[in-house]
Amino acid sequence: MNMSVQMIFVNLPVKDLNKSKEFFAQVGFTFNPQFTDENATCMVIHDNIFAMLQVEDYFKSFTKKEIPNTENSSEVIVALSVESREQVDHYVNNAFAAGGKHSKEPKDHGFMYEWGFEDLDGHLWEFIWMDSKALE
Numbered sequence: 001m002n003m004s005v006q007m008i009f010v011n012l013p014v015k016d017l018n019k020s021k022e023f024f025a026q027v028g029f030t031f032n033p034q035f036t037d038e039n040a041t042c043m044v045i046h047d048n049i050f051a052m053l054q055v056e057d058y059f060k061s062f063t064k065k066e067i068p069n070t071e072n073s074s075e076v077i078v079a080l081s082v083e084s085r086e087q088v089d090h091y092v093n094n095a096f097a098a099g100g101k102h103s104k105e106p107k108d109h110g111f112m113y114e115w116g117f118e119d120l121d122g123h124l125w126e127f128i129w130m131d132s133k134a135l136e
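For what it's worth, the working numbering labels the leading residue of the sequence shown as 1, then goes sequentially.
No lab work stands behind these hints, which were simulated from the structure alone. On a predicted model such as this, the values are computed, not experimentally measured, just so you know. Ideal Cβ positions, reconstructed from N, Cα and C, are used throughout, including at glycine. Hints are supplied without guarantee of correctness; some may be wrong.
Only pairs whose alpha carbons sit at most 25 Å apart, straight line, appear in this in silico DSS-like list of lysine-lysine [what the hints assert, rightly or not]:
| hint | residue 1 | residue 2 |
| --- | --- | --- |
| 1 | K19 | K60 |
| 2 | K101 | K19 |
| 3 | K15 | K60 |
| 4 | K104 | K21 |
| 5 | K60 | K21 |
| 6 | K65 | K107 |
| 7 | K15 | K65 |
| 8 | K21 | K101 |
| 9 | K104 | K15 |
| 10 | K101 | K15 |
| 11 | K19 | K104 |
| 12 | K64 | K15 |
What follows is a set of in silico ranges between Cβ atoms, one per label pair, in the way DEER data are often shown [what the hints assert, rightly or not]:
| hint | residue 1 | residue 2 | range |
| --- | --- | --- | --- |
| 13 | P68 | F9 | 13 to 21 Å |
| 14 | F35 | G110 | 37 to 45 Å |
| 15 | Q26 | K65 | 14 to 22 Å |
| 16 | D47 | N69 | 30 to 38 Å |
| 17 | P106 | Q6 | 28 to 36 Å |
| 18 | E66 | K104 | 35 to 43 Å |
| 19 | G110 | N39 | 42 to 50 Å |
All chains should be built: construct the whole structure from the sequences, respecting the hints.
Written out as structure tokens, the structure reads:
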């Protein structure tokens, strides 16, 4: 039987919810006000793809594990596919302008182009463009 997942929610702890919302709004994301309060916000990545940005104390209520120190650890790299190389550059440059950190240099593989950044809490994000025709 094939898995039939309907949506994805990536949950990420943040130190300052308002600053994180401002940062990601500058990158280009929107938020669903129905699922936003003082503890969390629902960042809309695409129709059925969301990131729940949760203040650390609220995030801790969902797990017994410690939140990793992102200064020296990484728990995940959120990779998002976009329609063009220009969009990769656009979103990553927006992140830098909003205060994001460089995490690596852009990589051009010919059929694929990728570039990423660290958000205000040290979470790693990548934007990727792939030439679907080259994969055929």
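Given a hinted range of 14 to 22 Å, is it respected by the beta-carbon distance of Q26 and K65?
violated (30 Å)
Given the hinted pair K15 and K65, is their alpha-carbon gap at most 25 Å?
holds (17 Å)
Please verify whether K101 and K19 have alpha carbons no more than 25 Å apart.
Holds, at about 15 Å.
Run the distance test for K104 versus K15: straight-line Cα separation, threshold 25 Å.
Judged against 25 Å, a Cα distance of about 23 Å means the pair holds.
Can the restraint linking K19 and K104 be considered satisfied, given a maximum Cα separation of 25 Å?
With Cα atoms ~23 Å apart, K19 and K104 stay inside 25 Å; holds.
Is the hinted pair K60 and K21 satisfied, with a Cα-Cα distance of at most 25 Å?
The given pair, whose Cα atoms are some 19 Å apart, holds under the 25 Å limit.
Given the hinted pair K65 and K107, is their alpha-carbon gap at most 25 Å?
violated (34 Å)
Check the following: the C-beta atoms of P68 and F9 are separated by a distance inside 13 to 21 Å.
holds (19 Å)
So if I understand the rule, the pair passes when the alpha-carbon distance is 25 Å or less; does K15 with K60 pass?
holds (12 Å)
At the C-beta level, are G110 and N39 separated by a distance inside 42 to 50 Å?
Distance hint for G110, N39 holds at roughly 44 Å.
Pairwise hint evaluation, K21 against K104, where the allowed Cα distance is 25 Å at most
holds (23 Å)
Between F35 and G110, does the beta-carbon spacing fit 37 to 45 Å?
holds (40 Å)
The structure is inconsistent with the numbered hints 6, 15, 18, although it conforms to all the rest.
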